[in-house]
Every structure is written in structure tokens, then in C-alpha cells.
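Asker: Sequence:
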Amino acid sequence: MKCKPPILYPDHPMYTNAVDAMKRYHEAQASGEPAEEVERLRLIAESQFLAVNDYQLRALGRPGGSVH
24 MKCKPPILYP DHPMYTNAVD AMKRYHEAQA SGEPAEEVER LRLIAESQFL
74 AVNDYQLRAL GRPGGSVH
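The sequence shown runs 24 to 91 under my numbering.
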């Protein structure tokens with residue numbers, strides 16, 4: 024049986040990076056950046072939040088997304 028990873032706290036860089044990515048996405052939307060840039064930032068933010076969520080699910084002993 025594999026060991027569960029430790030739970031991440033909100034001040035962990037994985038969390039703060041995801042929050043910063045979401046802020047950059049919203050700032051780009053608000054400032055009228057080109058659609059391609061806004062979409063690029065959205066994909067980055069979404070990916071980072073999914074990674075945090077999957078990690079936390081595994082840390083809690085629940086199945087997360089696929090591990091690549």
C-alpha cells in the first residue's frame with residue numbers, strides 16, 4: 024500500500040501559485056488582454072487548481088485524477 028502524501032496547507036506554494044494564476048487570469052480579463060492570452064492564463068489557472076485538488080484528494084485517501 025502506498026503512503027498518503029501530507030495534506031497541503033493554504034500557505035503552501037502549490038496553493039499560492041494556483042491563486043496567483045487565477046488572479047493573473049482575472050486581471051487579464053479585466054484589462055482587455057487579447058482573447059488568446061486570457062485563454063492561456065485560464066488554462067494555466069485551471070491546471071494548477073486541478074493539480075491541488077487531485078493532490079489533496081490523494082492526501083485524504085480518496086481517488087484523485089490520473090497521475091501522469
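Please keep in mind that the hints were generated in silico from the structure rather than gathered at the bench. Fair warning: there could be bad hints in the mix.
What the hints assert, rightly or not - The following label-pair restraints were derived from C-beta to C-beta distances:
1) Glu59 - Lys27: 16 to 24 Å
2) Asp34 - Gly55: 19 to 27 Å
3) Glu60 - Lys27: 32 to 40 Å
4) Gln52 - Pro29: 18 to 26 Å
5) Arg85 - Arg63: 27 to 35 Å
6) Glu62 - Val42: 33 to 41 Å
7) Leu66 - Tyr32: 20 to 28 Å
8) Tyr32 - Glu59: 15 to 23 Å
9) Pro57 - Pro86: 34 to 42 Å
As the list claims (entries may be wrong) - In silico SDA-like pairs for lysine to any residue, Cα to Cα no more than 25 Å straight-line:
10) Lys46 - Glu56
11) Lys46 - Glu69
12) Lys27 - Ala58
13) Lys27 - Glu62
14) Lys46 - Lys27
15) Lys46 - Ala58
16) Lys46 - Cys26
17) Lys27 - Ser70
18) Lys46 - Glu62
19) Lys46 - Ile30
20) Lys46 - Leu80
21) Lys27 - Glu56
22) Lys46 - Pro36
23) Lys27 - Leu80
Glycine included, C-beta positions come from ideal geometry on N, C-alpha and C.
Asker: Now tell me if each hint is right for this structure.
Answerer: Consistency of the hints with the structure:
no.: 1; hint: Glu59 - Lys27: 16 to 24 Å; in the structure: 39 Å, violated
no.: 2; hint: Asp34 - Gly55: 19 to 27 Å; in the structure: 32 Å, violated
no.: 3; hint: Glu60 - Lys27: 32 to 40 Å; in the structure: 38 Å, holds
no.: 4; hint: Gln52 - Pro29: 18 to 26 Å; in the structure: 34 Å, violated
no.: 5; hint: Arg85 - Arg63: 27 to 35 Å; in the structure: 31 Å, holds
no.: 6; hint: Glu62 - Val42: 33 to 41 Å; in the structure: 19 Å, violated
no.: 7; hint: Leu66 - Tyr32: 20 to 28 Å; in the structure: 26 Å, holds
no.: 8; hint: Tyr32 - Glu59: 15 to 23 Å; in the structure: 35 Å, violated
no.: 9; hint: Pro57 - Pro86: 34 to 42 Å; in the structure: 38 Å, holds
no.: 10; hint: Lys46 - Glu56; in the structure: 14 Å, holds
no.: 11; hint: Lys46 - Glu69; in the structure: 12 Å, holds
no.: 12; hint: Lys27 - Ala58; in the structure: 40 Å, violated
no.: 13; hint: Lys27 - Glu62; in the structure: 34 Å, violated
no.: 14; hint: Lys46 - Lys27; in the structure: 30 Å, violated
no.: 15; hint: Lys46 - Ala58; in the structure: 16 Å, holds
no.: 16; hint: Lys46 - Cys26; in the structure: 33 Å, violated
no.: 17; hint: Lys27 - Ser70; in the structure: 22 Å, holds
no.: 18; hint: Lys46 - Glu62; in the structure: 13 Å, holds
no.: 19; hint: Lys46 - Ile30; in the structure: 24 Å, holds
no.: 20; hint: Lys46 - Leu80; in the structure: 24 Å, holds
no.: 21; hint: Lys27 - Glu56; in the structure: 41 Å, violated
no.: 22; hint: Lys46 - Pro36; in the structure: 15 Å, holds
no.: 23; hint: Lys27 - Leu80; in the structure: 10 Å, holds
Violated hints for the displayed structure, listed by number in ascending order: 1, 2, 4, 6, 8, 12, 13, 14, 16, 21.
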